[in-house]
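Student: In case you want the letters, here they are:
Protein chains: 2
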Amino acid sequence: MEVTRKNYKDCLNTVYSAIEEADFLAIDGEFSGISDGPNASALTNGLDTPEERYTKLKKHSMDFLLFQFGLCTFKYDQTKSKYITKTFNFYIFPKPFNRTSPDIKFICQSSSIDFLASQGFDFNKVFCHGIPYLNQEEEAQLREQTEERRNQHANGVGTPSYISPSSSKGPAHIPEEHKDFINRVVEKVEALFANSEKTLDLEPCTGFQRKLIYQTLNWKFPKGLHVETIETEKKERYIQISKVDEEERKRREQQKLEKEQEELNDAVGFSRVIHAISKSGKLVVGHNMLLDVMHTIHQFYCPLPELLHFVMVFSFLFPLRLLDTKLMASTQPFKELITYTSLAELEKQLKESPFKPPQVETAEGFLSYNTAQEQLHEAGYDAYITGLCFISMANYLGSFLTPPKAYISARSKLIEPFFNKLFLMRIIDIPYLNLTGPDLQPKRDHVLYVTFPKEWKTSDLYQLFSAFGNIQVSWIDDTSAFVSLSQTDQVQIGESGLFCHTRQNLFTTCSLLVKYT
Amino acid sequence: MEVTRKNYKDCLNTVYSAIEEADFLAIDGEFSGISDGPNASALTNGLDTPEERYTKLKKHSMDFLLFQFGLCTFKYDQTKSKYITKTFNFYIFPKPFNRTSPDIKFICQSSSIDFLASQGFDFNKVFCHGIPYLNQEEEAQLREQTEERRNQHANGVGTPSYISPSSSKGPAHIPEEHKDFINRVVEKVEALFANSEKTLDLEPCTGFQRKLIYQTLNWKFPKGLHVETIETEKKERYIQISKVDEEERKRREQQKLEKEQEELNDAVGFSRVIHAISKSGKLVVGHNMLLDVMHTIHQFYCPLPELLHFVMVFSFLFPLRLLDTKLMASTQPFKELITYTSLAELEKQLKESPFKPPQVETAEGFLSYNTAQEQLHEAGYDAYITGLCFISMANYLGSFLTPPKAYISARSKLIEPFFNKLFLMRIIDIPYLNLTGPDLQPKRDHVLYVTFPKEWKTSDLYQLFSAFGNIQVSWIDDTSAFVSLSQTDQVQIGESGLFCHTRQNLFTTCSLLVKYT
Numbered sequence: 001m002e003v004t005r006k007n008y009k010d011c012l013n014t015v016y017s018a019i020e021e022a023d024f025l026a027i028d029g030e031f032s033g034i035s036d037g038p039n040a041s042a043l044t045n046g047l048d049t050p051e052e053r054y055t056k057l058k059k060h061s062m063d064f065l066l067f068q069f070g071l072c073t074f075k076y077d078q079t080k081s082k083y084i085t086k087t088f089n090f091y092i093f094p095k096p097f098n099r100t101s102p103d104i105k106f107i108c109q110s111s112s113i114d115f116l117a118s119q120g121f122d123f124n125k126v127f128c129h130g131i132p133y134l135n136q137e138e139e140a141q142l143r144e145q146t147e148e149r150r151n152q153h154a155n156g157v158g159t160p161s162y163i164s165p166s167s168s169k170g171p172a173h174i175p176e177e178h179k180d181f182i183n184r185v186v187e188k189v190e191a192l193f194a195n196s197e198k199t200l201d202l203e204p205c206t207g208f209q210r211k212l213i214y215q216t217l218n219w220k221f222p223k224g225l226h227v228e229t230i231e232t233e234k235k236e237r238y239i240q241i242s243k244v245d246e247e248e249r250k251r252r253e254q255q256k257l258e259k260e261q262e263e264l265n266d267a268v269g270f271s272r273v274i275h276a277i278s279k280s281g282k283l284v285v286g287h288n289m290l291l292d293v294m295h296t297i298h299q300f301y302c303p304l305p306e307l308l309h310f311v312m313v314f315s316f317l318f319p320l321r322l323l324d325t326k327l328m329a330s331t332q333p334f335k336e337l338i339t340y341t342s343l344a345e346l347e348k349q350l351k352e353s354p355f356k357p358p359q360v361e362t363a364e365g366f367l368s369y370n371t372a373q374e375q376l377h378e379a380g381y382d383a384y385i386t387g388l389c390f391i392s393m394a395n396y397l398g399s400f401l402t403p404p405k406a407y408i409s410a411r412s413k414l415i416e417p418f419f420n421k422l423f424l425m426r427i428i429d430i431p432y433l434n435l436t437g438p439d440l441q442p443k444r445d446h447v448l449y450v451t452f453p454k455e456w457k458t459s460d461l462y463q464l465f466s467a468f469g470n471i472q473v474s475w476i477d478d479t480s481a482f483v484s485l486s487q488t489d490q491v492q493i494g495e496s497g498l499f500c501h502t503r504q505n506l507f508t509t510c511s512l513l514v515k516y517t
Numbered sequence: 001m002e003v004t005r006k007n008y009k010d011c012l013n014t015v016y017s018a019i020e021e022a023d024f025l026a027i028d029g030e031f032s033g034i035s036d037g038p039n040a041s042a043l044t045n046g047l048d049t050p051e052e053r054y055t056k057l058k059k060h061s062m063d064f065l066l067f068q069f070g071l072c073t074f075k076y077d078q079t080k081s082k083y084i085t086k087t088f089n090f091y092i093f094p095k096p097f098n099r100t101s102p103d104i105k106f107i108c109q110s111s112s113i114d115f116l117a118s119q120g121f122d123f124n125k126v127f128c129h130g131i132p133y134l135n136q137e138e139e140a141q142l143r144e145q146t147e148e149r150r151n152q153h154a155n156g157v158g159t160p161s162y163i164s165p166s167s168s169k170g171p172a173h174i175p176e177e178h179k180d181f182i183n184r185v186v187e188k189v190e191a192l193f194a195n196s197e198k199t200l201d202l203e204p205c206t207g208f209q210r211k212l213i214y215q216t217l218n219w220k221f222p223k224g225l226h227v228e229t230i231e232t233e234k235k236e237r238y239i240q241i242s243k244v245d246e247e248e249r250k251r252r253e254q255q256k257l258e259k260e261q262e263e264l265n266d267a268v269g270f271s272r273v274i275h276a277i278s279k280s281g282k283l284v285v286g287h288n289m290l291l292d293v294m295h296t297i298h299q300f301y302c303p304l305p306e307l308l309h310f311v312m313v314f315s316f317l318f319p320l321r322l323l324d325t326k327l328m329a330s331t332q333p334f335k336e337l338i339t340y341t342s343l344a345e346l347e348k349q350l351k352e353s354p355f356k357p358p359q360v361e362t363a364e365g366f367l368s369y370n371t372a373q374e375q376l377h378e379a380g381y382d383a384y385i386t387g388l389c390f391i392s393m394a395n396y397l398g399s400f401l402t403p404p405k406a407y408i409s410a411r412s413k414l415i416e417p418f419f420n421k422l423f424l425m426r427i428i429d430i431p432y433l434n435l436t437g438p439d440l441q442p443k444r445d446h447v448l449y450v451t452f453p454k455e456w457k458t459s460d461l462y463q464l465f466s467a468f469g470n471i472q473v474s475w476i477d478d479t480s481a482f483v484s485l486s487q488t489d490q491v492q493i494g495e496s497g498l499f500c501h502t503r504q505n506l507f508t509t510c511s512l513l514v515k516y517t
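Line by line, the protein sequences are chains A and B. Just so you know, we're using our numbering here: the first sequence kicks off at 1 and counts up by one. Just so you know, we're using our numbering here: the second sequence kicks off at 1 and counts up by one.
Since the hints were derived computationally from the structure, they do not count as laboratory data.
Capping the alpha-carbon separation at 25 Å, the derived lysine-lysine pairs in DSS-like fashion look like this:
1. A/K235 x B/K348
2. B/K211 x A/K457
3. A/K457 x B/K235
4. B/K105 x A/K105
5. B/K179 x A/K457
6. B/K59 x A/K105
7. A/K348 x B/K234
8. B/K58 x A/K105
9. A/K179 x B/K457
10. A/K351 x B/K234
11. A/K56 x B/K105
12. A/K58 x B/K105
13. B/K348 x A/K234
I would like the entire structure built from these sequences, with the hints used as guidance.
Tutor: Listed below in structure tokens is the structure:
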């Protein structure tokens, strides 16, 4: 189901109940870019620690926009022995709520945009019809503003910003130059009380004048009036004054309150879907999902903190379990069976023996995807096949039970070892970032820090270390790299400083080697 | 005429000849945002100097993308006593040319995007079909790369990056592990010479291996072979070797050269249109065109320098004359006759007495705009009506001649006073930035620098200075502003430091006043 600003309010209940009834959820995000850093190899060094990687992504990836969010819900139907799926493809855009709301700036990376364009991505759906959103602080601010405006109107007292030399002498102090204007308004209102008209529309006037009118009328006519600011199509604002009895006044106040509440909910927009996912406590499956999770928290909750606090924020905000299918596919017992772990390749391999194609059916009223006609990089489709991958792998784990089980639920103990561990791209010896426990700390005795002239290529490093068997090169920049030797004890310290036994904190200033990291 | 990547090569000659035949050109740009600065008032303070304003725009506006460029050419037809117009609406996007070309990042401002969306802007035309471009440095780099690759193939010598320990011993030195591979290739080529086949396709291999093949074949078979790298649909690269006589070899080299030249021109893309405008030396008309000019230079020529150098770069790159219709409308004799200078309002007023509606006709084969059905903020349309405004105003100047003239050409001396002066938004006393002379330096003796508590509003300042008649407030930030008094000699210095005669460099530390700017 395609969800934009046009239809999302009608869809919300469908989304909520799909989440509520689901056994597990799959998600995927599409972004306006990946990295504004110097280059990809600097962003993903093969020997980053989880903290370094997180910090780099936070610095170089969060100014892009998550502008398409895919959610696919999976509910197991016992009678059919099938999962029933509901897929939602949300378009997201931070349309400013009003003139005072934050005017979000985000970066676009031309290679990413060009890639999405080549996949048929519809940018008009994002930019013209994207669903707005607020993070928690913005939402709180907006609620506060609304509250303040309410109190102001109710009490006839100016906002703190109006408590200044010119207006501090009392709630109804009128500056000299506005006295005539206000007196004329009071006369008109007195005439309204005397005649048979029900309402009186004033001429458009400035915000300051409107403030003075509210103050004066609240003070002079504490009862019997309802005063409201109305905006014309041309965005001019004028005040409408209505004669009302107390009951009518309360009814109108109540109406206004409800309207304000609705506008506020509209502004919170897509964040409400994320809140619902978070509150559901359901298992959430994603493929290579670290960036998706980081963007989701950054965009819909709060700017990202340090890694330590991120893990805390995460546990607080998300009483749910995450499972990364890329990590699962790269871990025993799948590692030996699966050659390629990119989403498209993985989905294909998991249909073949020893795996079984997952049994799924699209819920009534939802568009069904055909995995043969790939729609990769549409977030909804990617979420859908991520879910399929999870089902195949989970069910495969059931084959090890005695007796074997063909169906393993999202609540099975068998999948718990994969919970809350997010795949780390291109790190040699630390497969995941652990959200609910300490990170792995592999030994790196065999890792050398090498500097060289900037003309050198990987082949020159292979040549140089050819005596040491297989090596792994992790580029840092033009003139340095980490070189991992296959065996730790091979290396000799020469007096020349050229080769060294590696050990902790060893650092030589020679042109080639060696710093332990 | 809508111009995207799909059709721009077919349109180029039409564009070139329209520019060539025109009496003047009108331009307009649409951007992905206006300011990434803290707020609008900080960006456009009413008492900025031209240099300050330029520096702020350079800092806070250049990371946005100019993604739609409107060009309307106006050619006067003597027999019809009418201008014939050709309008082009170009969509522009920095699609990366290849894997090594710069991956441009640009900012989007949600309020600007939302505004364009509300005007029916088609973002898919930009992001999916925008015409690419290169600035002068990128173009030079690409030409150099192409040149280098050519020389390399011609001489069989590696690029400098391959002159490294493993390959510095000679052009045809083969590392041990590649010797078998290269020997097999040589054998195949020898077989090719012996048999009746014309061509030989090698297996896909690495870039390093291709390099070795080129080096070896150039050295072993200096004549009789044409060697070429071909890319498959799957982006795999393999080498194709053909037996050729010398004539055929040269013909193929020439073909390849031409193909490379065409690819290079494609990459330069939209910049070629800008170069043509620049070289034409024609009068270029824009409305409030400072940002358009800055973006055009920044995006298609070079990163913007300091203002002083900008003026120099400008005169060097653009042997043309610019005319800003917003400035013209704000200057005598138009100032007294024209109330609103926004483009839409201006165009309406210039159809009415004492002005005359401009006589224009759309050239055959071009879509005509109907000014009654406004299509504002489409760059082509905005350029078109900017041209109309210029014609009305220029012709109005003819009414002052004896005898009066109904038509004033773009080459008339009457419009020269407006050349190369770009309108400065919201500066009280400096109407324009002068590109070909010194900027105005108005007296600012009556300007006070005022600081105050952050709760204060403009009304508080009016109140405070109410004894001094009319004042103008130019906000700097939450707690300071420039206050311009209407009369210079009114102000008294009190011992309290509260009020001061303003004079150059006076600065008091009192809470309220005063610094001369």
